[in-house]
Amino acid sequence: MADYNPSVIEKKWQQYWEQNQVFNAKVNPNKPKFYSLDMFPYPSGAGLHVGHPLGYIASDIVTRYKRLQGFNVLHPMGYDSFGLPAEQYAIQTGQHPAITTEENITRYTEQLKNIGFAFDWEKEVRTSNQDYYKWTQWIFMQLFNSYYDKEENKAKSISSLIERFQTTGNLGLNAVCDEDTIDFTAEDWENFSDEEKQKTLLKYRLTYLAETTVNWCAALGTVLSNDEVKDGFSERGGHPVERKKMMQWSMRITAYADRLLEGLEKVDWNEPIKEMQRNWIGKSKGAEMVFQVKGHDKQIKVFTTRIDTIYGVTYLALAPEHDFVADLITKDQEKIANEYIATAKNRSERDRMSDVKTISGAFTGSYAINPFNGEEIQIWIADYVLAGYGTGAVMAVPAHDERDFNFAKHFDLEIRQVIEGSMENGSFPGKGGTIINSDFLSNLPMQQAMDKAIAFLEEHKIGKGKIQYRMRDAIFTRQRYWGEPLPVYFNDGLPYLINEQDLPLVLPEVDKYLPTEDGEPPLARASNWTYTTASGTYPLEKSTMPGWAGSSWYFFRYMDPKNSEEFVSSEKAAYWGAVDLYIGGAEHATGHLLYSRFWTKFLFDIGTVPIEEPFQKMINQGMIQGRSNFVYRIKGSNKFVSHGLKDQYDTSAMHVDVNIVHNDQLNLEKFTAWRPDLVDATFILEDGKYICGSEVEKMSKSKYNVVNPDDIIERYGADTLRLYEMFLGPLEQFKPWNTNGIDGVSKFLKKLWKLYHDNQGNVAVSNDKASPEELKTLHKTIKKTKEDLDNYSFNTSVASFMICVNELSALKCNKREILEPLAVIISPYAPHVAEELWSLLGHENSIVEAAFPVFNESYLVESSHEYPVSVNGKMRTKLSLSLSLSKEEIEKAALEDETVQKWLEGKAPKKMIVVPGKIVNIVI
RNA sequence: GCCGGGAUGGUGGAAUUGGUAGACACGCAAGACUUAAAAUCUUGUGGCUUCACGGCCGUGCGGGUUCGAUUCCCGCUCCUGGUACCA
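Going letter by letter, the first sequence gives residues 1 to 924 in the UniProt record's numbering.
Misleading hints may appear alongside valid ones.
Said to hold, decoys possible - With a Cα cut of at most 27 Å, we get these calculated DSSO-like pairs of lysine-lysine:
| id | residue 1 | residue 2 |
| --- | --- | --- |
| 1 | K786 | K31 |
| 2 | K12 | K754 |
| 3 | K245 | K301 |
| 4 | K670 | K698 |
| 5 | K783 | K769 |
| 6 | K542 | K134 |
| 7 | K11 | K754 |
| 8 | K769 | K815 |
| 9 | K245 | K154 |
| 10 | K786 | K751 |
| 11 | K301 | K134 |
| 12 | K156 | K466 |
| 13 | K452 | K298 |
| 14 | K466 | K154 |
| 15 | K639 | K670 |
| 16 | K266 | K617 |
| 17 | K464 | K301 |
| 18 | K113 | K154 |
| 19 | K769 | K754 |
| 20 | K199 | K331 |
| 21 | K11 | K747 |
| 22 | K786 | K754 |
| 23 | K294 | K331 |
| 24 | K874 | K887 |
| 25 | K464 | K431 |
| 26 | K301 | K150 |
| 27 | K134 | K512 |
| 28 | K113 | K750 |
| 29 | K301 | K203 |
| 30 | K562 | K113 |
| 31 | K266 | K331 |
| 32 | K12 | K113 |
| 33 | K703 | K735 |
| 34 | K283 | K203 |
| 35 | K113 | K617 |
| 36 | K769 | K750 |
| 37 | K31 | K266 |
| 38 | K26 | K12 |
| 39 | K33 | K815 |
| 40 | K572 | K784 |
No lab work stands behind these hints, which were simulated from the structure alone.
As the structure is a prediction and not an experimental result, all values here were calculated from the model.
Model the full structure from these sequences, guided by the hints.
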């Protein structure tokens, strides 16, 4: 009855899906489950641009496909709604962040619904809702009440640790704790004051309060985690970040370092992301040992991965911040050493990072003794040694370490080779070489020398083998308003948890969202930010949780978002299990993806969830970049010259809104109306058109290259947007958004529509038997689509649909036997038009209840093959031959061919390669 | 510096175990329909060469393996993501 009209049918089906709760997921043990997760969006004020839905479209296609295959699918969406931008906006405008957040969420939801996603909106969660963050706080409490037992390799309850302290103290206890924990007996424990007991327990708790060196961002007024800092600047906003010592809550993620590393073996993620996590965890095996300082009672502890090179040590280097530095400086070195420390300390973290070439250091005047050979070696201060890694001191082996080598060269220190090889090109690591000049280690290969050296250390009680991690414990507090309050109060400066019945601890109202005049976090502005127990009223913690708190467990809450008794019921957690497919950007590789794995492992340890790894399969979508358009203004005029002619004039390029450019052709009317100063603009055209230049840049407002999906949907429809985003190229690849090809996709949908209609626009579908060609086209497409979906190759599927529709159009096919399954296989990609066609075919139910058609090989069987015949590897002619021919028969047929005869020039071929069903190659 | 990813027509991209390079689409050109435009449809379209048949070149560059290489191996160039004195 009508032409293809996406705006009408898309609204219609979106309403149908919503009203009939089509995508509502319920536990159903009779069906296999499939849990598909999209990365948790932060609802920003700018709304969605076309880059955001890329991954959502891909996962939506997969879930719709899985449904057609009989899976029970959970495909939820929600919002990571605590965060900095809403708070910054609140500071500027006084508007409560909850209001802005609500508005942004409304807009996001509307935009997402316009694209026709099969989300189960019943499962929506928002991290800033009380009934959500109640459980974020609850998980924090469990972490506070747990410690990590290395013996059993899992988290256990603090109450069991107390029992242990009461019987044997911490002697022989193998648990993760602070470095400075001292040994104590059961008797000591009994004699501890309550305060001492609490302080001791804090050294074991999986979340603890401690003085830590943090990344302090003054402009944002808060601390940041390592992954929120890029090159010394905050990731959000680009403000400078400095190192500062502060009392902060931390999460003992390092306790899980090994399990986080091992778990990577069990998940199906791409290798680069796994590698990034491995590097971030940074496990290195080595040894820790002490050097006695000559004439001192002090011992300097160093960590090394190359204890085999111990005889090559020619000096020790200490970080300028090392605790011993002041004591080791002798009178005659005082001036020079202290000056150096002062300059090194004043150099900001950023300078130190950006300037790694400059070699600097100072001799302390003191000497240490190498316990292996009794040699005295100089102790230096050097800022290439980091205070935060290992022990803050290194044993320098200039011959086999590049940094030590450069330092030794610069200060003219001894370089002593202890591994066989040539020193011509400076230092070399010499892995695999034989040890020389090393007393009892000489003539051994690296590994054996290490083992022997470690045995020596242990025998003389001066060291041991040790595993070091680069990863630090994760700071868990932010001095901000818009985040989860910590369920903690203070009594005599020591932290205690509030009662579980008092959860959630609701975020209080404040007059302003800024820190107080004394630099306290915004929560200090709240009146009565206190907690009352039977024994009195106490102040509550004033910092809030970081952004990653709420996002580290949201995938569990989606299973059971309204549960008020538990964060997820064990029945639902058991049924839905791990996420089967997680699609999102790679930017979360070392933040969210590591923290989520950590919390999941912890929740597993305490028996609340049945899985250890939350995300079984992960795909990282490539970012969609912006594609900017430019116009060229002749300098000093209001005249613009088309791209092809711009070199004939003296011009300056100007960004132009990509939304008034189509296929790089500028819409002149819209351009002159774009800005007041352009009303009287004039143009120099080429072939009657103004062609714009283009460049790939980040998508941003200032570059006028932001494309809103709503605009595309209004012009072409959501199905076109969905297909086009997929058609753009492989999901994982980075690519610029470019609407130049979108017409092709839109045309394809119109052609598809026409297959089901006659020239008058009436539905015209025949019940006649389909022809072999028609069946072949259909089944070829079924096969290809299925393979592509299984490989997440969405762009090639779209191409195969186009081929299919082109072929069926050429065949003038209108058979139900073909068109019905065709609608089904296209439905994951273009669900609205598929639903409409399905209903036009007379179906009462939704197409999501259909079954994915079964591929039938027999329709594709060919009796003959068009053989490409090559001469010396170059294709010269084609020969259509029956597939039943033997190799010899094919060979004979090929040699008889006219073109082949011509190339042979009467000679006999040297060799013939015949691959039946594939090719023929003749070597002359 | 180190660890990843990539480079194919004017453009986005395809070629799933080495077997017809350029599928599909955009753009462009010509034509049909139209008073005209839009829309739609048809045909052509890697480069060079040829009236044509055809030939030569061609997947970032230089080598190699192979009957045959976009695909495998070695050595480079450029772009891009991560990471950065981690001992």
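Evaluated hints:
no.: 1; hint: K786 - K31; in the structure: holds (21 Å)
no.: 2; hint: K12 - K754; in the structure: holds (20 Å)
no.: 3; hint: K245 - K301; in the structure: holds (23 Å)
no.: 4; hint: K670 - K698; in the structure: holds (24 Å)
no.: 5; hint: K783 - K769; in the structure: holds (21 Å)
no.: 6; hint: K542 - K134; in the structure: holds (17 Å)
no.: 7; hint: K11 - K754; in the structure: holds (21 Å)
no.: 8; hint: K769 - K815; in the structure: holds (7 Å)
no.: 9; hint: K245 - K154; in the structure: violated (30 Å)
no.: 10; hint: K786 - K751; in the structure: holds (22 Å)
no.: 11; hint: K301 - K134; in the structure: violated (44 Å)
no.: 12; hint: K156 - K466; in the structure: holds (24 Å)
no.: 13; hint: K452 - K298; in the structure: holds (26 Å)
no.: 14; hint: K466 - K154; in the structure: holds (20 Å)
no.: 15; hint: K639 - K670; in the structure: holds (16 Å)
no.: 16; hint: K266 - K617; in the structure: holds (10 Å)
no.: 17; hint: K464 - K301; in the structure: holds (11 Å)
no.: 18; hint: K113 - K154; in the structure: violated (43 Å)
no.: 19; hint: K769 - K754; in the structure: holds (20 Å)
no.: 20; hint: K199 - K331; in the structure: violated (39 Å)
no.: 21; hint: K11 - K747; in the structure: holds (20 Å)
no.: 22; hint: K786 - K754; in the structure: holds (24 Å)
no.: 23; hint: K294 - K331; in the structure: holds (15 Å)
no.: 24; hint: K874 - K887; in the structure: holds (20 Å)
no.: 25; hint: K464 - K431; in the structure: holds (21 Å)
no.: 26; hint: K301 - K150; in the structure: holds (24 Å)
no.: 27; hint: K134 - K512; in the structure: holds (24 Å)
no.: 28; hint: K113 - K750; in the structure: holds (23 Å)
no.: 29; hint: K301 - K203; in the structure: holds (22 Å)
no.: 30; hint: K562 - K113; in the structure: holds (22 Å)
no.: 31; hint: K266 - K331; in the structure: violated (58 Å)
no.: 32; hint: K12 - K113; in the structure: holds (12 Å)
no.: 33; hint: K703 - K735; in the structure: holds (17 Å)
no.: 34; hint: K283 - K203; in the structure: holds (23 Å)
no.: 35; hint: K113 - K617; in the structure: holds (26 Å)
no.: 36; hint: K769 - K750; in the structure: holds (25 Å)
no.: 37; hint: K31 - K266; in the structure: holds (25 Å)
no.: 38; hint: K26 - K12; in the structure: holds (25 Å)
no.: 39; hint: K33 - K815; in the structure: violated (34 Å)
no.: 40; hint: K572 - K784; in the structure: violated (35 Å)
Hints 9, 11, 18, 20, 31, 39 and 40 from the list above are not met by this structure, while the remaining hints are.
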